[in-house]
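Chain by chain, the residues:
2 protein chains.
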Amino acid sequence: MIYELYYWPDIPGRGEFVRLALEAAQAPYRDVAREAPDADRFDAVLDVLEDEATPELPFAPPVLRAGDRLIAQTPLILRYLGEHHGLAPADERRRLWADQCQLTIADWLVENHDTHHPLGPSLYYGEQKAEAARRAGLYRAERLPRFLKYFEAVVARNPAASGWAVGEGLSHVDLSLLQMMTGLRYAFPRAMQRLEPDCPHLRSLHDRVAALPALRDYLASDRRPPFTEEGIFRHYPELDG
Amino acid sequence: MIYELYYWPDIPGRGEFVRLALEAAQAPYRDVAREAPDADRFDAVLDVLEDEATPELPFAPPVLRAGDRLIAQTPLILRYLGEHHGLAPADERRRLWADQCQLTIADWLVENHDTHHPLGPSLYYGEQKAEAARRAGLYRAERLPRFLKYFEAVVARNPAASGWAVGEGLSHVDLSLLQMMTGLRYAFPRAMQRLEPDCPHLRSLHDRVAALPALRDYLASDRRPPFTEEGIFRHYPELDG
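Chains as they are written, first to last, in full-length UniProt numbering: chain U, 1 to 241; chain G, 1 to 241.
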């Protein structure tokens, strides 16, 4: 089976969390919008959101087509891929714990997005710059350190002491933490320089994931969309303190 | 086994989504903070967030203790309770679809919360009223209708045509949609009056859930925390247009 990933073509966004799992699993997939002719890139995503043939109506991308199924919601796609490709713990209790971490990463991602879009997705950044400056200040001072400290503790307290987030082996949680660390370094380089010394476990987890043979080439390839000021992780120096 | 629910004692918040599942399942549980002496109500919740004995560190309440396990993240608690108490479809594909709906409800809940807290949880409403007015206007005009239309379609397009959201029978998704409808009617009565005529399936689903024998008494009891201007659903007339 060849998976199909539907996500906006020009940003890493939430789609990148799915791509990292597909790449780490070396699962064959089509990145539908990125492989489409220029004129059809967005329609490819919009069409799947209105697919009348599926009873599982997606609300928003990313959407993964797996055979005759459509699966939306990043944490759920990752659970599905994790279970089918050895990127989730075999034990049910630990698998649920991996899901729990993934849901907290999803919450973290929203708060990150809201630093530049505190008034919501309907307005451009330029229409909410003053509000963004206030929200980003609070994020850097309170929420960002809290999320980092939490995930640092998750890795440090993993009873398997494997250096991975959950259990003995690599899981989708580690892949997503790589993306969070990479994105945060892009968006908030100054804040991260201040905070990273307290996150030795997250730093070495990042390096270990980035060095995985299955990912190393991908991360350097043009299949990986670069961070830009259109995505979730945006570098606006005025929001970095 | 007697479950233990840990959630802030005075608001429905996310805890209420879990309570509705426990009540509908008629599962025995302690509502720890609400049953604690006044002086200990908040500590009961804070303590469980710092429980060194669990490898599954919660980030935020609600937290459910099930035997020797702690489970956090509302959609995950609902999946767990759903599977153990007949509130999730038996079929794996449909169970995943129920999870997908629950994750979209979680996203919707965040956007609802952000109408009164667009600058994040660190400031009071009174410190972000102008920003809240802008965000709430966009929410009423764009996002609220979009989420309502989506879940109306979910119920209308359920291939089982059962009147429930997923499959043949009641699931945790229906319980959560009751809470969304109830909360939205409390917070945005004028907007909902305008939008509800287009949501006949959601309206009758709401009425059907509210009439369930296992829930009817609970909904009228003082075990159910009332909506107030401390929770996620707040009625500020200035945000209702």
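Worth double-checking, as some hints may not be accurate.
[To be verified] In silico lysine to aspartate or glutamate, DMTMM-like type, Cα no more than 20 Å apart, as pairs: (1) U/Lys149 / G/Glu238; (2) G/Lys129 / G/Glu111; (3) U/Lys149 / U/Glu229; (4) U/Lys129 / U/Glu111; (5) U/Lys149 / U/Glu196; (6) G/Lys149 / G/Asp91; (7) G/Lys149 / U/Glu229; (8) U/Lys149 / U/Asp207; (9) G/Lys129 / G/Asp198; (10) G/Lys149 / G/Asp198; (11) G/Lys149 / U/Asp47; (12) G/Lys149 / U/Glu52; (13) U/Lys129 / U/Asp240; (14) G/Lys149 / G/Asp107; (15) U/Lys149 / G/Glu50; (16) G/Lys149 / G/Asp240; (17) G/Lys129 / U/Glu127; (18) G/Lys129 / G/Glu35; (19) U/Lys149 / G/Glu56; (20) U/Lys149 / G/Asp51; (21) G/Lys149 / U/Asp51; (22) G/Lys149 / U/Glu56; (23) U/Lys129 / U/Glu238; (24) U/Lys149 / U/Glu111; (25) G/Lys149 / G/Asp207; (26) G/Lys149 / G/Glu196; (27) U/Lys149 / G/Glu52; (28) U/Lys149 / U/Glu238; (29) G/Lys129 / G/Glu229; (30) U/Lys129 / U/Glu229; (31) U/Lys129 / U/Glu230; (32) U/Lys149 / U/Asp107; (33) G/Lys129 / G/Glu230; (34) U/Lys129 / G/Glu127.
These are calculated hints, taken from the structure and not from any lab test. A quick note: this is a predicted structure, and the numbers were derived from the prediction, not measured.
Against the structure shown, which of the earlier numbered hints fail to hold, in ascending order? 1, 3, 6, 7, 9, 18, 28
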